[in-house]
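Novice: Numbering-wise, full-length UniProt numbering puts 84 at position 84 of the sequence shown, and it's gapless, one number per residue.
It is worth saying that the hints were derived from the structure and are not from the lab.
It should be emphasised that the depicted structure is a prediction, and the values quoted were computed from it without experimental measurement.
Treat the hints with caution; some may be incorrect.
[What the hints assert, rightly or not] Straight-line alpha carbon distances no greater than 25 Å define the calculated BS3-like cross-link-like pairs of lysine-lysine that follow: (1) K100 with K90; (2) K113 with K90; (3) K11 with K100; (4) K26 with K76; (5) K76 with K87; (6) K35 with K72; (7) K76 with K100; (8) K72 with K85.
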Amino acid sequence: MTVDVGTTPRKPLTPTQRLALFERFKGICVLCERKIEAGEPWIDEHLRALGLGGSNDLENRGPAHTACADLKTHGKDGDLARIAKAKRQKMRHLGIRTRKGPPIPGSRDSGWKRKMDGTLVRRNVR
């Protein structure tokens, strides 16, 4: 079974859905398990990131402090790092190679060809 990474579109929740989500978790942050106080900023966080095969359903969402969600998403081993790794692995398994930096002058990847006498000519584009 393969999971397609990064193709699930995001859908924002309506205010009614946000209220139902908050009440289902009794106002507890799903990441740090502390109570979210009135007036404190919070977001609906995907428990399993969309880029890692998570769904947009309410079962995959929970309330989280904004700071906790930022740490989960942007941290050293956060969701963005894991999503990038999953995409690199998928590209490697599909045989897609990424070029690192500009091509070496005179190589087959460059647009120029160096002849035996040292002159440069444009390479024929196929």
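Novice: Hints numbered earlier in the text: which of these fail when held up against the supplied structure?
Specialist: Hints 2, 3 and 4 not satisfied by this model.
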